[in-house]
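2 protein chains.
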Amino acid sequence: MTVNINRDRLVETMKEQAEIGATEKGGLDRLALTDADKAIRDWFCEQLEELGLDIRIDEMGNIFGYRAGVNPDAGTVLLGSHLDSQPNGGIYDGALGVISALEFLRTLEDENISTESGIEIVNWTNEEGSRFPPAMMSSAVWAGEIPIEEAYATTDQDGVTFVDALERIDYRGEVPAEPQRDYNASLELHIEQGPYLDKGGYNVGIVTGIVGLRWGEFTFYGQANHSGTTPMHYRNDALVAASNLVTLIRVIPGTLGERTVATTGVLEADPASINVIPGKARVTFDLRDPDDQIADTGVERIKAEARAAAEREGVTWEYKERMRASSVDFADRCVTAVREAVSDLGYDGRDLVSGAGHDATYTASVCDTGMVFAVSEGGKSHTPEEFTDWDDCYAAANTYANAALSLAGVADVTDND
Amino acid sequence: MTVNINRDRLVETMKEQAEIGATEKGGLDRLALTDADKAIRDWFCEQLEELGLDIRIDEMGNIFGYRAGVNPDAGTVLLGSHLDSQPNGGIYDGALGVISALEFLRTLEDENISTESGIEIVNWTNEEGSRFPPAMMSSAVWAGEIPIEEAYATTDQDGVTFVDALERIDYRGEVPAEPQRDYNASLELHIEQGPYLDKGGYNVGIVTGIVGLRWGEFTFYGQANHSGTTPMHYRNDALVAASNLVTLIRVIPGTLGERTVATTGVLEADPASINVIPGKARVTFDLRDPDDQIADTGVERIKAEARAAAEREGVTWEYKERMRASSVDFADRCVTAVREAVSDLGYDGRDLVSGAGHDATYTASVCDTGMVFAVSEGGKSHTPEEFTDWDDCYAAANTYANAALSLAGVADVTDND
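First to last, the protein sequences are chains A and B.
Under UniProt numbering, read the first sequence as residues 1 to 417, first letter to last.
Under UniProt numbering, read the second sequence as residues 1 to 417, first letter to last.
Extracted from the complex, chain A is given alone in its bound form (with noise of 0.2 Å):
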């Protein structure tokens, strides 16, 4: 059977949700464990209640609703994303899986429809990391990729912990941050934040995994000196170096492979004074592909280039490996549920491998994962000017709504009468 989404609630409760923490430009600051996402998760969990479902908070402050099955066997299917946003954020991001997910479970209701598994709606806590490193840091401490001690520890700017944000705004549950059901499948629903979608003129994407992740930090050492003294021939450029590599890590993707990319997203001199040589320069780089072997061979290339450029300016440097996310390929049969989806519904949608880490990277480590892409107008993402128009909201929802059902197997429909 299909279902299809209130298309008019969808969107009446994607702009409520999108009044708590609005900005003046129409985008959102709901960062994580603020006064903002405190009001996003006590609006939440009232939606949960509404709903009649089992609400519980774990160590890490992740909310999961729980809708029971018919068949004790059939175990549970996870559904959702996350609230928070980045400081100067969209409205649409990690929301509009939640929201979809909730307007899944309202139609369930509204259908008087019975699954043979459970169905767990969850919003997981502080997905952007910004405020608090690392991204996905709460599904990969429930997925036990990392400690929740480390977790706790970690501190925001100010040096506020984690752990003390977390019991500031009262979210700090007792349940463990680890699964507490036999979940089958999970599925997040998630704008794509790229281009491919709305270029290619799709209305919805089926993603079928998450491309590996390598990130990096060279620091490349000179001699500061004075810029009207010294004569060229006597430099040791540390900014040369560092600006000669942010040109070469610019190019590299281009002889790897088709979905590699690689940026330079910092690049600091010290001292950073209009008239020295900078002695010190500082450069991060993101790279990622579908493929981890290519992603590994990007890196040294990186390393190769960042080394040529040093010897080219006369100077030493160190490397630093930020971080190592492997890549993800998703179960067939939750990509297939998808596909089936759009395919029932009519829709026009392709196959993409994310190029974002989603908090499904973590649930795919626990139980067979997929995702559901909805369109970001010309790939705009982490800004005010991020933009789903409410046709390809719907048709996201819609799909994710169908491929959820799927997974989790009707059991019964009654009657309302």
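Honestly, I wouldn't trust all of these hints.
Intra- or inter-copy, both count: the list cannot distinguish identical chains.
With a cut-off of at most 27 Å between alpha-carbon atoms, the simulated BS3-like pairs for lysine-lysine come out as follows [as the list claims (entries may be wrong)]:
#1 Lys280 to Lys25
#2 Lys303 to Lys280
#3 Lys199 to Lys280
#4 Lys25 to Lys38
Please keep in mind that the hints were generated in silico from the structure rather than gathered at the bench.
Once you've looked at the hints, dock chain B against the given chain A.
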């Protein structure tokens, strides 16, 4: 006649001044108008008093000490430099110039030499400009190049105005900050801050002028976006354009002139986040050449490269001129006086154009001006590692004394007995 200053006393006085504002690393932190600056000023005034000089403090806190000549029509020779330092500076810099002038005056007293011209020693306020930009602020006001109201209103990083800081240390004098005497020449001694003398094995520098200076700033505007989800060919990365420009600024001098130098001291990416494509990047440059035409051509080349770098990356850009100082050719009679002193003393000197600006830039607009350079080991400057051995300090100071004496003209030498 030839004078010889007292080497031991020069060294002792240099060591004495270096204790005021001394840092643990053996350098100086004697930022303009701080307590350390007040302390060195008090100390300097004591030295002037001991010599029986006529002390004058002007509205900018410039401290003058006057020793009359015998010929009222012969004007005054102005000597000196500055006692302030960078926050992490060395002990020689401008201090060697002031102490050498002091030592010359002491020698005139020791040897009962009277001069045709009057001789005036000066300690210019805030030459470094690192707390209150620009550099050479107070000689510029004195020469009529910067209005005093503008200098007074300049604020430091904490929002303190120059005039309040000057009053706080009790060095806001009442004498107008403008030439109060009929100066017939000015001579400044400073360390080279570059490697030419040291690398060439010379022991003193005959400065023939000061390079022309151009400061500019580019801002590139691209599109901030997610580093994982934005394909390489959809990017407009402001940092890539900026970094590209830095690598080109590095090589432009090699296409222009033997003495051309160009530097990027500041490169800022925004937002500086490891997983965000920078939407904005700011790059500065500092370009210098003894020939103003070459310097102007250099700026045009840099702009052309900025345009090309922006086009390659599909970003827009803005340019802002930050400073333009024409090159200075010192007066033949002053350069000759220095050259003859080097020759008379049997030193090994070479002609140099100063790559750095000095207070002499501004005295040159008031009267005939020249400079003597002391050796800087390895060209190190604005660092505690700045070093000039005492033999080289002495050679420069002795050259300075004899050139000054020649400009002032010996009137009489009285036998002590």
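Evaluated hints:
no.: 1; hint: Lys280 to Lys25; verdict: between (37 Å within a copy, 19 Å between copies)
no.: 2; hint: Lys303 to Lys280; verdict: both (18 Å within a copy, 26 Å between copies)
no.: 3; hint: Lys199 to Lys280; verdict: between (41 Å within a copy, 24 Å between copies)
no.: 4; hint: Lys25 to Lys38; verdict: within (22 Å within a copy, 50 Å between copies)
Violated hints for the displayed structure: none, as all numbered hints are satisfied.
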